[in-house]
Amino acid sequence: MLQDRLHNKVEEGKISLILNTVLKEIIGDQVVDQVMLEDINGATLSLKVDGVFIAIGHKPNTDIFEGQLNMNNGYIVTKTGFDNGATSTSVPGIFAAGDVADYSYRQAITSAGFGCMAALDAEVYLDSL
Numbered sequence: 001m002l003q004d005r006l007h008n009k010v011e012e013g014k015i016s017l018i019l020n021t022v023l024k025e026i027i028g029d030q031v032v033d034q035v036m037l038e039d040i041n042g043a044t045l046s047l048k049v050d051g052v053f054i055a056i057g058h059k060p061n062t063d064i065f066e067g068q069l070n071m072n073n074g075y076i077v078t079k080t081g082f083d084n085g086a087t088s089t090s091v092p093g094i095f096a097a098g099d100v101a102d103y104s105y106r107q108a109i110t111s112a113g114f115g116c117m118a119a120l121d122a123e124v125y126l127d128s129l
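Residue numbers (my numbering): 1 to 129.
FYI, nobody ran anything at the bench for these hints, they're computed from the structure. Possibly wrong hints are sitting among the right ones.
[Said to hold, decoys possible] Taking lysine to aspartate or glutamate and the EDC-like style, the derived pairs with C-alpha atoms no more than 16 angstroms apart in a straight line are:
1. Lys48 - Glu38
2. Lys48 - Glu25
3. Lys24 - Asp4
4. Lys59 - Glu25
5. Lys48 - Asp33
6. Lys24 - Asp39
7. Lys59 - Asp102
8. Lys79 - Asp50
9. Lys14 - Asp50
10. Lys48 - Glu66
11. Lys14 - Asp4
[Claimed, not checked] Simulated DEER-style distance windows between Cβ atoms:
12. Ile15 - Gly93: 40 to 50 angstroms
13. Gly51 - Val22: 13 to 23 angstroms
14. Asn8 - Asp50: 30 to 40 angstroms
15. Gln30 - Asn84: 40 to 50 angstroms
16. Asn61 - Asp33: 30 to 40 angstroms
17. Ile64 - Glu11: 10 to 20 angstroms
In this text, a Cβ means the ideal position worked out from N, Cα and C, and glycines have one as well.
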């Protein structure tokens, strides 16, 4: 799991893990040079970096669907393949996209793309009623 890999890299000294902070500012002219962080006590920390990658989450918020939709490790299982309805779930008329269904990439750009796919799948479903 990603969390275990992260902790292994921390233990190996390859990365530093700074907890209980929020990103306040990204600093740099042509490229990112540093970031300004603020901890839970209001103290700030300037950190030199080569880049910034914003993650949108790693645990899907799917608890309310447990027992109602087919799930795999907390992710909603969707249909895959070459025919329509790739975002269809185990319940007809229910579609899933983004973090709740994307266990591989978990990126904003893929979530946006799958959101569009889900909207198109829903449109086809509604037209079939």
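Any hints this thing doesn't respect? Which numbers, in order?
3, 4, 8, 10, 14, 17
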